[in-house]
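The listed protein sequences derive, respectively, from chains C and W.
Heads up: the first sequence begins at 64 in this note's numbering, then just goes up one per residue.
Heads up: the second sequence begins at 64 in this note's numbering, then just goes up one per residue.
These are calculated hints, taken from the structure and not from any lab test.
Please note that the accuracy of each hint is not assured.
Since the list gives no way to pick out one identical chain from another, each pair is judged satisfied if it fits inside one copy or across any two copies.
No more than 20 Å apart at the CA atoms, straight line, and that leaves these computed lysine to any residue pairs for SDA-like [as the list claims (entries may be wrong)]:
#1 LYS211 <-> ALA279
#2 LYS211 <-> ALA185
#3 LYS66 <-> CYS260
#4 LYS211 <-> PRO192
#5 LYS66 <-> ASP103
#6 LYS211 <-> GLU197
#7 LYS211 <-> PRO281
There are 2 protein chains.
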Amino acid sequence: MTKAVVLLSGGMDSATCLAIARAEGLECFALSFDYGQKHDAELAAAAAVAAAIGVSAHRVLRMDLGAIGGSALTDDSISVPESAGDDIPVTYVPARNTVFLAFALGWAEVLDADMVFVGVNAVDYSGYPDCRPEYIAAFQRVADLATKRSVEGRPIRIRTPLIDLSKGEIVRRGIDLGVDYALTVSCYQADGDGRACGVCDACRLRRAGFEEAACADPTRYRPR
Amino acid sequence: MTKAVVLLSGGMDSATCLAIARAEGLECFALSFDYGQKHDAELAAAAAVAAAIGVSAHRVLRMDLGAIGGSALTDDSISVPESAGDDIPVTYVPARNTVFLAFALGWAEVLDADMVFVGVNAVDYSGYPDCRPEYIAAFQRVADLATKRSVEGRPIRIRTPLIDLSKGEIVRRGIDLGVDYALTVSCYQADGDGRACGVCDACRLRRAGFEEAACADPTRYRPR
Numbered sequence: 064m065t066k067a068v069v070l071l072s073g074g075m076d077s078a079t080c081l082a083i084a085r086a087e088g089l090e091c092f093a094l095s096f097d098y099g100q101k102h103d104a105e106l107a108a109a110a111a112v113a114a115a116i117g118v119s120a121h122r123v124l125r126m127d128l129g130a131i132g133g134s135a136l137t138d139d140s141i142s143v144p145e146s147a148g149d150d151i152p153v154t155y156v157p158a159r160n161t162v163f164l165a166f167a168l169g170w171a172e173v174l175d176a177d178m179v180f181v182g183v184n185a186v187d188y189s190g191y192p193d194c195r196p197e198y199i200a201a202f203q204r205v206a207d208l209a210t211k212r213s214v215e216g217r218p219i220r221i222r223t224p225l226i227d228l229s230k231g232e233i234v235r236r237g238i239d240l241g242v243d244y245a246l247t248v249s250c251y252q253a254d255g256d257g258r259a260c261g262v263c264d265a266c267r268l269r270r271a272g273f274e275e276a277a278c279a280d281p282t283r284y285r286p287r
Numbered sequence: 064m065t066k067a068v069v070l071l072s073g074g075m076d077s078a079t080c081l082a083i084a085r086a087e088g089l090e091c092f093a094l095s096f097d098y099g100q101k102h103d104a105e106l107a108a109a110a111a112v113a114a115a116i117g118v119s120a121h122r123v124l125r126m127d128l129g130a131i132g133g134s135a136l137t138d139d140s141i142s143v144p145e146s147a148g149d150d151i152p153v154t155y156v157p158a159r160n161t162v163f164l165a166f167a168l169g170w171a172e173v174l175d176a177d178m179v180f181v182g183v184n185a186v187d188y189s190g191y192p193d194c195r196p197e198y199i200a201a202f203q204r205v206a207d208l209a210t211k212r213s214v215e216g217r218p219i220r221i222r223t224p225l226i227d228l229s230k231g232e233i234v235r236r237g238i239d240l241g242v243d244y245a246l247t248v249s250c251y252q253a254d255g256d257g258r259a260c261g262v263c264d265a266c267r268l269r270r271a272g273f274e275e276a277a278c279a280d281p282t283r284y285r286p287r
């Protein structure tokens, strides 16, 4: 059985990505990060999603991304904004996807997995530079050179099945594959129970996805 | 003053790299990792080197690279070999330089630093794939696309001043710049006091460097 490492945040995109990898018949190894994010309800969601969709292992890697600061998602002195702007938002975590992909690449090599799945999306996204197709292509080149496997002519492939889909298309794809989005948490400031704020950029994109897909939104919002 | 993040392991190469960056008049921010390596005497060495050469800050980022296993440097079930072979050795840590460079890139962005220095060397090295010039070029492309700074037309430059030097040339360069190699620890299995085994691949390369440079070797070896 071909193995794949799947980056799993606990949000809707990575859950859909995992379901796609499973539907391809891959043996999946889910990788999440405890990186000092304020919204650690997503880690409980990741565990629930991994159990529901089915993985051979789910690892949560702890690291202190907050120690280098610089993002509203890890730095207590920066607030999560409640509306979208034109620029790259303060919720951008410097080099986050590069860090995540690097760890996934390392684990894939240890497992002798052929692929790494990451649920980045360049359509309905927050404008983070490390979600763009050209960024992923550049990281693929790193993967083609960085590992012992690549020296042996068996580089690890970076798969991004959601990259060209709209948020509504992602929702429809996931529902076709049986994803229970009630288990997922997207909100940047979810409470300890996983209930969403409804106003941050992640909540806004998620809600629009269910609307576009004409599906009921199972998100639990907290009272404001 | 132009800022640079310098990856600092506590070994001779990264110490030399830091001295080169300082000699260029850069304000340096040293970054080390506590990644579950067996040879954590190198972290004490990194702190001593940072203090001796002079940095504005030295951060030690903790992460659980051992959780994904696969290397003699982090996995208790794999022994550090005492002689060099022809292949990539078991001391290779999967995706280590990619992980380290990713964090350095993130911190550089937060600091608004223009450069990241890494002491990789492709001449007298252990054959790790992520020390080759083509690997560094690929990571530079990632850096050119991954960050908010790069979107603003100010990408962070990855500097590798040692990449084409022999170990003896590195030693001579460092001594010219006043590096005290007695502070550095290269050994993969140094004891708690920082004394080297004298037989691992890192010890072998280091000793050959002092011989080539015709310099006294200040390394403290432990009795065998």
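* **Hints violated by the structure (listed by number, smallest first)** => Violated hints (numbers, rising): 1, 3, 5, 7; every other hint is consistent with the structure.
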